[in-house]
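Q: Below, each chain spelled out in residue letters.
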Amino acid sequence: MNHSEKLYKKLAWLLKYGSLLAMTILFLGIIWSFILPDSERSLKTPDTENFLSNLLPNSPPHLLNLGIMVLMLMPVGVVLVCLIHFISEKEKKYGLVSLAVLLVLILGIFLGAIQV
Amino acid sequence: MIEYALMGAGGVLAGFLASLLGIGGGLFIVPWLNLVFGLPMHQAIAASLVAIIATSSGASSVYLRNRFSDLKLGLSLGLATVWGAICGGLAAGFLNAQVLSLLFSLVLIYAGGSMLKRPGGDSPEKEKSTDYQIRNYPAGYGASFLAGNISGLLGIGGGLVTVPVMHLVMRVPFKIASATSSFMIGITGCASAFLYYFRGEVNFLVTGTIVLGVLFGSNLGSFFLFRIKSSILRPVFAVILLLMAFKMFLKGVNLGLF
Numbered sequence: 024m025n026h027s028e029k030l031y032k033k034l035a036w037l038l039k040y041g042s043l044l045a046m047t048i049l050f051l052g053i054i055w056s057f058i059l060p061d062s063e064r065s066l067k068t069p070d071t072e073n074f075l076s077n078l079l080p081n082s083p084p085h086l087l088n089l090g091i092m093v094l095m096l097m098p099v100g101v102v103l104v105c106l107i108h109f110i111s112e113k114e115k116k117y118g119l120v121s122l123a124v125l126l127v128l129i130l131g132i133f134l135g136a137i138q139v
Numbered sequence: 034m035i036e037y038a039l040m041g042a043g044g045v046l047a048g049f050l051a052s053l054l055g056i057g058g059g060l061f062i063v064p065w066l067n068l069v070f071g072l073p074m075h076q077a078i079a080a081s082l083v084a085i086i087a088t089s090s091g092a093s094s095v096y097l098r099n100r101f102s103d104l105k106l107g108l109s110l111g112l113a114t115v116w117g118a119i120c121g122g123l124a125a126g127f128l129n130a131q132v133l134s135l136l137f138s139l140v141l142i143y144a145g146g147s148m149l150k151r152p153g154g155d156s157p158e159k160e161k162s163t164d165y166q167i168r169n170y171p172a173g174y175g176a177s178f179l180a181g182n183i184s185g186l187l188g189i190g191g192g193l194v195t196v197p198v199m200h201l202v203m204r205v206p207f208k209i210a211s212a213t214s215s216f217m218i219g220i221t222g223c224a225s226a227f228l229y230y231f232r233g234e235v236n237f238l239v240t241g242t243i244v245l246g247v248l249f250g251s252n253l254g255s256f257f258l259f260r261i262k263s264s265i266l267r268p269v270f271a272v273i274l275l276l277m278a279f280k281m282f283l284k285g286v287n288l289g290l291f
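Top to bottom, those sequences are chains A and B. When the letters of the first sequence are read in order and numbered with the working numbering, they come out as residues 24 to 139. When the letters of the second sequence are read in order and numbered with the working numbering, they come out as residues 34 to 291.
Isolated chain A (complex conformation) (with noise of 0.2 angstroms):
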């Protein structure tokens, strides 16, 4: 197995995996819901100062921000797995460009989160 087969299997596995990861608590966030009719089922403005208690499953909204949260940033992940593999192979063009388009995606996590 070439070095390249190699970053598409790895790939090819962090997205299987992570969406069904995200499927599983998806769906137990929705059932949850419905078990408990008076559990608020909406959260509020995600604001940045909750953001990482907002992801504690401990409530419905709570489990299904977690679930939406993994599935947002499997992408993150995807990007991340390029650029290391691109340095470690010193694929210096394409390392570059995965760390262009990882620097794009924080920003628009950053944007995202000073607009509030």
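Treat the hints with care, since some could be wrong.
To be verified - Calculated cross-link-like contacts (lysine-lysine; reagent style DSSO-like; alpha-carbon spacing at most 27 angstroms):
1. B/K150 - B/K280
2. A/K32 - B/K105
3. B/K105 - A/K29
Just so you know, these hints were derived from the structure itself, not from any lab. Remember, predicted model here, so these are calculated numbers, not experimental data.
For this one, chain A is given, so just place chain B on it according to the hints.
A: Same frame as chain A, but now just chain B:
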């Protein structure tokens, strides 16, 4: 609860059609949530963006394992789509729902029209070529920025723009272009989804329901890929898109005729 079950059913249908017709589910999800359930436009777009990340992840894991996606091309063009998506996502924060509805109706007209024109019946699975020379990168970057912009602004994948440009302008085989676009869509969606998330426009229960529905539907679609002729589905779906475009347009110009 019935309302959420119906929303999920729409997600199943969106995923099913997206998988069979090779289009992004966002074209169906946004009007479904906005026109049928009255979800605010921004929340419908946010739910669609998260669903797009999910479908892209599911499809890309298969495409990458079979080496259909061109990873290096996807990352290179992805750099343009993420910039576009951030611009689109930020712009959406300043635009009201009516403007977004009008813009969405235009995209639906384009999608419906191109679906009617496109000859159906050819399964993308038949073509796989690893021997191709990519041309015209600048046009690809420009189109990718535009695709990212539309994605961030309206919550659709952007494959409507990137696939034809990659295939016709950059000379990438259709299957590779389609699989590469699928890979890019997840990264693009992620860039703008966080903007909607931090604005508080991600409705968790609606989004979770839609995501599960879409994924179930797309798996169902892959099962029926060789059992249903897309040439039959294509005109039907095109008409649905055009009807939704009409309704969306009326909503955009604030004419509640029906």
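Q: Hint by hint, note whether the structure agrees.
A: Hints, one by one, checked against the model:
In summary, the hint linking B/K150 to B/K280 is supported, as the alpha carbons are separated by about 22 angstroms, within the 27 angstroms threshold. Taking the CA atoms of A/K32 and B/K105, the gap is about 15 angstroms. The hint holds against a cut of 27 angstroms. Under the criterion of a C-alpha separation no larger than 27 angstroms, the hint pairing B/K105 with A/K29 is consistent with the structure, at around 14 angstroms.
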